[in-house]
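Asks: The primary structure of each chain is shown beneath.
Number of protein chains: 2
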Amino acid sequence: MDQGAITDVLDGRWAEVRRMIRDQVAAAEFLESHELDTERHRAQVYEQLAELAASGRQRLGFAAEYGGGDDVGGSLVSFEMLGFGDLSLMVKAGVQWGLFGGAVQLLGTARHHERYLRPIMDLELPGCFAMTETGHGSDVANLRTTATYDPASAEFVVDTPHEAARKDYIGNAARDGRMAVVFAQLVTEGESRGVHAFLVPIRDENGNTAPGVRIEDCGRKAGLNGVDNGRLSFAGVRVPRAALLNAYGDVAVDGTYSSSIESDSRRFFTMLGALIRGRVSVAGSAGNATKRALAIAVRYGEARRQFARPGDPDEVVLLDYRAHQRKLLPALAKTYALHFAQEELVGALHDLSNQGDSAEVDEHRQRELESRAAGVKAFATWHATSSIQTAREACGGAGYLAENVLPALKADTDVFTTFEGDNTVLLQLVAKGLLTSYKDHFEELSPLATARFVAEQFVGTVMERTAARKLIDRLVDAGPGNDDDATLLDRGWQVKAFCDREEHLLDGAAARLRRVSDDDADPFEVFNGAQDHLLHAASAHVERILLEAFVAGVDRCADPAAKALLDKVCDLFVLSTIEADRAWFLEHGRLTSARSKAVVATVNELCAELRPHASILVDAFAIPEQFIAAAPIAAGAERGRQDVMRAHDAAVR
Amino acid sequence: MDQGAITDVLDGRWAEVRRMIRDQVAAAEFLESHELDTERHRAQVYEQLAELAASGRQRLGFAAEYGGGDDVGGSLVSFEMLGFGDLSLMVKAGVQWGLFGGAVQLLGTARHHERYLRPIMDLELPGCFAMTETGHGSDVANLRTTATYDPASAEFVVDTPHEAARKDYIGNAARDGRMAVVFAQLVTEGESRGVHAFLVPIRDENGNTAPGVRIEDCGRKAGLNGVDNGRLSFAGVRVPRAALLNAYGDVAVDGTYSSSIESDSRRFFTMLGALIRGRVSVAGSAGNATKRALAIAVRYGEARRQFARPGDPDEVVLLDYRAHQRKLLPALAKTYALHFAQEELVGALHDLSNQGDSAEVDEHRQRELESRAAGVKAFATWHATSSIQTAREACGGAGYLAENVLPALKADTDVFTTFEGDNTVLLQLVAKGLLTSYKDHFEELSPLATARFVAEQFVGTVMERTAARKLIDRLVDAGPGNDDDATLLDRGWQVKAFCDREEHLLDGAAARLRRVSDDDADPFEVFNGAQDHLLHAASAHVERILLEAFVAGVDRCADPAAKALLDKVCDLFVLSTIEADRAWFLEHGRLTSARSKAVVATVNELCAELRPHASILVDAFAIPEQFIAAAPIAAGAERGRQDVMRAHDAAVR
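In order, the protein sequences belong to chains A and B.
Numbering follows numbering that gives the first Met the number 0, with no gaps: position 266 of the first sequence is 265.
Numbering follows numbering that gives the first Met the number 0, with no gaps: position 579 of the second sequence is 578.
Taking lysine-lysine pairs in the PhoX-like style, the calculated list, with each CA pair at most 25 Å apart, reads:
#1 B/Lys469 - B/Lys567
#2 B/Lys567 - B/Lys495
#3 A/Lys495 - A/Lys596
#4 A/Lys495 - A/Lys469
#5 B/Lys596 - A/Lys596
#6 B/Lys495 - B/Lys469
#7 B/Lys495 - A/Lys596
#8 B/Lys596 - A/Lys495
#9 B/Lys596 - B/Lys495
Hints listed in this document are in silico derivations from the structure and should not be mistaken for laboratory results.
The following block holds chain A by itself, in its conformation from the complex (with noise of 0.2 Å):
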């Protein structure tokens, strides 16, 4: 089996990125810093950040006009392929390039652009993304800060009115940045316009802070200590009037304000949806480190022995035993199967932002994109927690040593699950989007008008297909008419099992939520009593998404030994996830009593079946071998203590 044939799917239509990234990557000196404390690893990784920007690979994403790649997908696949190195790293470029650069770029028009566009690029200017505060993180809509215009001097006073309403959490806050996106609420003329994103400096180029504006720093953090996270509040702070971000509103100089968007909630979703590379790019980069621990404990797991088999001297190899298998396996499946989502998402992020201004952005798709962009984000993150906690405990305690690398992966990752939107309120957000068929914008539906909405409009759910709509919907009319255990590995039942499964969830909710038509219901006691619903819901649709993507992507594998390893290992992602919630294919009559525990006896199969294969499995993800040979355990020095004792101990026998 040739695994560079895997490799080719899996890298996709930004092969020549991921290939030139491998390269470079693997000339330059990009490791872990378990030794370094809290100020030499963040001079660390911004060094490395220089080095980054020295590469030109962050110019990809910006507009070729002021010196950019006009390369949304590239640029995407690059912060992805950070994913696989110190995370520090990751997030301190995604904080300037992704956040801070993007929301210039996005929601800002021509003055800022010319202005800031190159200097950000170059790590000249680096910045801040400062929308957190400590008393919102979810409920963004609602920050505190505020931005109020002065016409006597045609400025904006930015004011941060109580402790709850600074800015927390700010990476590139604590000892980089020099200027800031911030959000405020946007007041003039008295009254408040709703959020905007403002440019305000908060230091100066000798890093002193800039007057009215306190900086604290969050100080040390579980992981990610190469970011320098910190909080920032502003009194009376004055920035000039095109200090406003003003592509989707306006402040004129006698303070008369405007914008192309009526409803002040509808504008600054508006902004928020511009802004979901962050998402993207956090759920691509969360799926690398998953990788990475996978392969450092599938190495251990074919080179650790313990406990001899009866008859034969030689110990097994730990992933020989089932249990070994049922932990990583699975959690391998589910990576090829977010892998090929993050791909489908990328390309989808790409098309549509290459429909420029110009062209009239189709909304629904837009949407789409916000809702699977959080779906995605939320399952890549809880399964990179999960698979990298599994990898670690299969290394046992040679995966708690720091120089083994899976600590740092854990410690960083974590905090993926809830940032760049908490993951539960994400998933709760795609329930509403299925919900409403994208009629209103992602994050802006409050709970009232989302169940208001669902009791006049839903009328059932409608399966939009994200990826090979023809190869899906084929495989789907050819699936069996009727139940047998031999259909459990039938593509067109499992489709048709995960699209079922996630209508009735829908319709379930959908018929919840209508209660609150009740004369004597209260509006918020409804969803509260349907969020579960809402939650599973929102999860059995992401789960089709994933296995779609996947059926696109071993469908796009010309290798046949390859696509016939990918298929199975879409088999195993497909039944592992019908075996967690099989209760509820049991509950709901989709499978009987006996077929569920087929489930289980197939999914321990394809453990068996597949298990010869790991090892190529997760070389196919092509990490670059420095960062898999970084932990001592994965490098060889495993197998090299086994052959050694077993050598002695045969020259004992």
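With chain A fixed as given, assemble chain B onto it according to the hints.
Replies: Same frame as chain A, now just chain B:
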């Protein structure tokens, strides 16, 4: 509701010890140290260890004739209480007095006790417990270190034959230890007699490494960096004949080996069995670390608000959301269950220890206890890992900051799932014990021997009641004859459901293992093919133990209101446990679809009913306030901010 009534039940038999420690700790400065580098952290923990030695509490577990307290239970509770603080101190104390001191006491004889116990208790002789090797962590009967008796000099020669035989991850080795209990294959008269323990000096009083000994530092770890883990290798290190801890086997001057236990393997597992206190301590401190994390998350969830309720300017408190209740309250219920099971376990171990050397220790009871300790340890530590993770996520970005303690709790407890026995291996041993009715020593039976034993002798499961036997039997007898929704909350039905599942899973596992008798059966394949089934059976067994302990605990509660509340917490434990495994109940006709859905609905209802009592339930743990207040988000900072914000908002409106 008086939370004190709940605290009284939780404090249980060693309430005095718990209260004394709370008072002492309240006065001391045992706080987190996330700003310390490795060396300073190690130094601080050593200082704290010395303070602990001065307190005299470490004497509790030792024999009175050498200055100890003859109070095994009190000693275990005292280790458990250390779980509220810096877990590095807990582990360091556990190494010094539990593992090192415990091995000298339990595996040694008078000549060792007289010479070493006092300096060990007083920390004049810091020591290590050197069992694990790089190549053997789980399969410790096959350690490769050798101790060869040389009759010419009446010495043992200790050797590390190759790198995989290094003693690895050894606490106290890298910095402080002066002596190690080294586990090695005893070779005398040219014959190996299995693993025995030897006292080997590794450093002199000035800290210089002893001749022939090589000490390496394991370096930075994911957590527990206040513990100096290291690696020990031996090259022809000579120790006197008396260095053998000879309670279970001895070598005469001429090299003749003698032991009261014939079989080498059986002898070693008897020695291991004597050392189960380590596992019990790990389970206890994992439980207390979990309580601390949940207390922090509940306090935050009670203060933190996000998203406004329709028609109400105030935002909703996080714990009012069903999804948030679902995260924290079932975890809290299971924490209660584990606490009661731990309390039972400590009591049983204490009583067994007090039978003393004179009485013939009940072997069956000893083995059942070893099994229970393994099961409770596995469950308590996995529960710690998942609950502390949940608590971290429930606190969002604030939970990621080191100052809020959760990162240290997470990182420090992580290794608990794989040290003092890998959890998966431990659960497998629990299943083996059940299938063989504890006929053989806990860790002794090989897969082949187990399968053969089962094939020949297993006749069906016998439910051994662990707690409040009569009460449980009465509940079961009084349980409803037929199933309807109302019975989900009937304790008799619940206990029966747990027992029935355990029996059925064990019978099924036995049936699988019997296939080893088939002519063409490969014993390893038979065993491996049943592995997931065995692990499920073991889990069902441990969950039944937890339930019985919970029931007995509730029964001990004298206060009616407190008892009613605990009853509800027990219901939530039971039904969330059934919910998680309800596919099994459905597949095996134990629940209809309708009843299975009712289980989910009842978990939701119980969460809502317990939500107003969440604070009381965490306050009842009586965690010394300083350990909660160490986290600003739990010390009222969040509530203060929210109050200021609401006052400000009201003024603006």
